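Protein chains: 2
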Amino acid sequence: MFKINANYLKLPGSYLFSDIAKRVKAFTEENPDKKIIRLGIGDVTLPLAPAVIEALHRATDEMGVKETFKGYSPDLGYEFLRTAIAENDYKTRGVTIAVDEIFISDGAKSDSGNIGDIFDIDNKIAVCDPVYPVYVDSNAMAGRTGEYLPALGKWSNVIYMPCTEETDFAPELPGEEPDIIYLCFPNNPTGSTIKKAELQKWVDYANKTGAVIIYDAAYEAYISEEDVPHSIYECEGAKTCAIELRSFSKNAGFTGTRLAFTVIPKELKSGEVMLNSLWARRHGTKFNGAPYIVQKAGAAVYTQEGRKQTGEQIAYYMNNAKIIREGLTAAGYDVSGGVNAPYIWLKTPGKMTSWEFFDYLLREANVVGTPGSGFGPHGEGYFRLTAFGTYENTLEAIERIKKL
Amino acid sequence: MFKINANYLKLPGSYLFSDIAKRVKAFTEENPDKKIIRLGIGDVTLPLAPAVIEALHRATDEMGVKETFKGYSPDLGYEFLRTAIAENDYKTRGVTIAVDEIFISDGAKSDSGNIGDIFDIDNKIAVCDPVYPVYVDSNAMAGRTGEYLPALGKWSNVIYMPCTEETDFAPELPGEEPDIIYLCFPNNPTGSTIKKAELQKWVDYANKTGAVIIYDAAYEAYISEEDVPHSIYECEGAKTCAIELRSFSKNAGFTGTRLAFTVIPKELKSGEVMLNSLWARRHGTKFNGAPYIVQKAGAAVYTQEGRKQTGEQIAYYMNNAKIIREGLTAAGYDVSGGVNAPYIWLKTPGKMTSWEFFDYLLREANVVGTPGSGFGPHGEGYFRLTAFGTYENTLEAIERIKKL
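So the protein sequences, as listed, match chains A and B.
First residue of the first sequence: -11, per the working numbering; consecutive thereafter.
First residue of the second sequence: -11, per the working numbering; consecutive thereafter.
Chain A extracted, bound-state conformation (with noise of 0.2 Å):
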């Protein structure tokens, strides 16, 4: 008789996003005259750059001709990628990264899921709280996080570290020592970041108590500020604690598209055991490589054109940002993020509840955003707004916010 994973039965109802479709379709029917701006979910709305999309359409015309045909890609990716990303994202920051220690993938929540698996399940982990649910949920299904406290928001045998306005949004060392830490820089969903000095010393940290850093650098092209890192391999000693994770969906576009990398060095080690190698045994045994078109897709990102082309994608973004974060601030909100991020963090007026502040905000202005608490007890009194949207809707739906 078979058994299922009855770590998937402790999970909390419905993710987020399923919640908040769920209240803004119910809105809609019962107001079908009035237009919703969605300021919710991190997703792209600008099309692929024309480098990108002349990529994809050559790399097509490779696959419907017999000598050019790709089959399987090789396990760790094309090297023409993973050569493109050791030169461009590391070594122009003074980081020597191989290219055997790039692993390409089809996206970071796939990796950011995935890479428990290398991990033995009695390791505990410390999150930020507010965090991305997919480092807690990932972990929960293996069963490394104990029993879920429905009371608290908490499961029992998490490391939570609270950041607050208190903490300037970012997390302060752990009193309990963890296995694993989580960080996310720059942060979903605060939008904060942290200087190279305060990354410092969560490397040492790693490297005194033995701990494992996984680094989630997916919105580092939207850093916009002198002295925060790109990539946690800036720091001294990062490569004998920490893995990063990248992806092309916030800095190209690739939400629909689907490419991203992880680095594990190959000075990571449990004793003798190279982490780079366990990741390649899992890599070549549950997954058979991204599609060959758009790794091709994603070499264009790194050409002249494509660098000019999708900076200027994260300039637009990051005008809307400023749209917010200003309009938001002239009407008295308390806002943080926005700055070396797409994610704007504000506080709930009124000491509303964040869910209220939702309900509030899609009722009096049709507009629809994320409640904090859905990333952590500590987002409670919390809201995001992203930058994702179109100008014209962001300047709208901040006007309408202004008039509330």
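Simulated from the structure, these hints should not be mistaken for laboratory data.
If you're wondering where the values come from, they're calculated on a predicted model, not measured in any experiment.
Don't take each hint at face value.
Since the list gives no way to pick one copy over another, a pair counts as held whenever it fits inside one copy or between any two copies.
[Stated by the list, open to error] Keeping only pairs whose Cα atoms sit at most 20 Å apart, straight-line, the calculated SDA-like set for lysine to any residue is:
{"id": "1", "residue 1": "K196", "residue 2": "L392"}
{"id": "2", "residue 1": "K13", "residue 2": "W343"}
{"id": "3", "residue 1": "K(-2)", "residue 2": "M262"}
{"id": "4", "residue 1": "K13", "residue 2": "S61"}
{"id": "5", "residue 1": "K257", "residue 2": "D192"}
{"id": "6", "residue 1": "K54", "residue 2": "N307"}
{"id": "7", "residue 1": "K310", "residue 2": "I29"}
{"id": "8", "residue 1": "K391", "residue 2": "E344"}
{"id": "9", "residue 1": "K254", "residue 2": "I(-8)"}
{"id": "10", "residue 1": "K54", "residue 2": "P38"}
{"id": "11", "residue 1": "K254", "residue 2": "G198"}
{"id": "12", "residue 1": "K257", "residue 2": "L(-3)"}
{"id": "13", "residue 1": "K22", "residue 2": "D88"}
{"id": "14", "residue 1": "K310", "residue 2": "Q188"}
{"id": "15", "residue 1": "K(-9)", "residue 2": "T197"}
{"id": "16", "residue 1": "K(-9)", "residue 2": "G259"}
{"id": "17", "residue 1": "K196", "residue 2": "L4"}
{"id": "18", "residue 1": "K(-9)", "residue 2": "K254"}
{"id": "19", "residue 1": "K(-2)", "residue 2": "V261"}
{"id": "20", "residue 1": "K(-9)", "residue 2": "V261"}
{"id": "21", "residue 1": "K10", "residue 2": "P62"}
{"id": "22", "residue 1": "K339", "residue 2": "K390"}
{"id": "23", "residue 1": "K(-9)", "residue 2": "I109"}
{"id": "24", "residue 1": "K339", "residue 2": "E160"}
{"id": "25", "residue 1": "K10", "residue 2": "Y60"}
{"id": "26", "residue 1": "K339", "residue 2": "P365"}
{"id": "27", "residue 1": "K(-9)", "residue 2": "E164"}
{"id": "28", "residue 1": "K310", "residue 2": "I211"}
{"id": "29", "residue 1": "K54", "residue 2": "L383"}
{"id": "30", "residue 1": "K112", "residue 2": "N(-5)"}
With chain A held as given, fit chain B onto it using these hints.
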């Protein structure tokens, strides 16, 4: 101090196809003048069908325009593709599968590797011997297979079901009751199939004992004989005991394009819990959809043109299979498979081991195949050739082998 998943350390050495690549490389370096013909790995060689190429171009154009750009895809995949699957792969065979019982993914290797996530560690698996290595390795990584016994080439806690000449290359119902049964028909590596009445016995057995069947039907498009089931759901009662895996890799040449799907009927339950819900949760948490353009390409396979063109590709490969089968039979080899599958399974002559025959064939005919022992202990003494080469190469390879 973080701890790694020690199950990974139990996995035996390197992957079969890496070993083969090394031997071929060494031979090529010593014999640079020899023309090697590769009939080893099951990778396609024909370019994508024109209808698929057209769909990729069209979808790429959509991604380049704001009005038609697509971000994140729906969790389960686009409905246009799931509807096409339900209609064409199931309804035409008298099987009703709802669109929300179909989960689009990036490949059958991912699905067969990841499906174990929704099951408890404490489940005993049964596999055919020889077998596609991913079923066993992914369960070994999860800690479900006990210890590896190098002398036997087996895991201590796995039920192996020998598929040899004596059993007509089909498994027999196991003596010990498994919890999870992996079946693959048409079979990789042996190319064998079973009739509907035989498969019905497995369904009845699973329903009686409370086992779940993971049914890998990645090669169903190659079935040429009547009464060989294309889907396990053609058998009565399969919806309460079987998960089916399908792929676009072999029926439409998507090995480098990546698209597949898994079917989990809502009737398949553990107590009150639907496995469909568990997989939906897994899918939604650790995966973010297959690329829109690739899903569009997949849908093109089901159009009139797409069916015609991919049908011709299959016919091309199956003509290769015929050449191999008949050529080797004429040369005195003991051959099976190749009628409902692109794989030909032959007995090594003169009591050579699989690897001895590999070296012999490489040295004397400069032909690369796959040693049967690489798929499990009962593959010893057998050898796999694939029909995925070009017609010209296949013909030449068989001519060379005939002359040995």
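Now the hints, each set against the structure:
no., hint, in the structure
1, K196 to L392, "neither (51 Å within a copy, 64 Å between copies)"
2, K13 to W343, "within (16 Å within a copy, 62 Å between copies)"
3, K(-2) to M262, "between (33 Å within a copy, 15 Å between copies)"
4, K13 to S61, "between (41 Å within a copy, 18 Å between copies)"
5, K257 to D192, "within (16 Å within a copy, 48 Å between copies)"
6, K54 to N307, "between (46 Å within a copy, 18 Å between copies)"
7, K310 to I29, "within (18 Å within a copy, 53 Å between copies)"
8, K391 to E344, "within (18 Å within a copy, 81 Å between copies)"
9, K254 to I(-8), "between (36 Å within a copy, 15 Å between copies)"
10, K54 to P38, "between (26 Å within a copy, 12 Å between copies)"
11, K254 to G198, "within (16 Å within a copy, 45 Å between copies)"
12, K257 to L(-3), "between (33 Å within a copy, 13 Å between copies)"
13, K22 to D88, "neither (52 Å within a copy, 31 Å between copies)"
14, K310 to Q188, "neither (29 Å within a copy, 64 Å between copies)"
15, K(-9) to T197, "between (37 Å within a copy, 12 Å between copies)"
16, K(-9) to G259, "between (34 Å within a copy, 10 Å between copies)"
17, K196 to L4, "neither (36 Å within a copy, 39 Å between copies)"
18, K(-9) to K254, "between (37 Å within a copy, 17 Å between copies)"
19, K(-2) to V261, "between (33 Å within a copy, 13 Å between copies)"
20, K(-9) to V261, "between (32 Å within a copy, 11 Å between copies)"
21, K10 to P62, "between (42 Å within a copy, 15 Å between copies)"
22, K339 to K390, "within (18 Å within a copy, 84 Å between copies)"
23, K(-9) to I109, "both (18 Å within a copy, 8 Å between copies)"
24, K339 to E160, "neither (25 Å within a copy, 67 Å between copies)"
25, K10 to Y60, "between (40 Å within a copy, 18 Å between copies)"
26, K339 to P365, "within (15 Å within a copy, 68 Å between copies)"
27, K(-9) to E164, "between (34 Å within a copy, 17 Å between copies)"
28, K310 to I211, "within (13 Å within a copy, 59 Å between copies)"
29, K54 to L383, "between (50 Å within a copy, 18 Å between copies)"
30, K112 to N(-5), "both (16 Å within a copy, 18 Å between copies)"
In this structure, the hints that do not hold are numbers 1, 13, 14, 17 and 24, in rising order.
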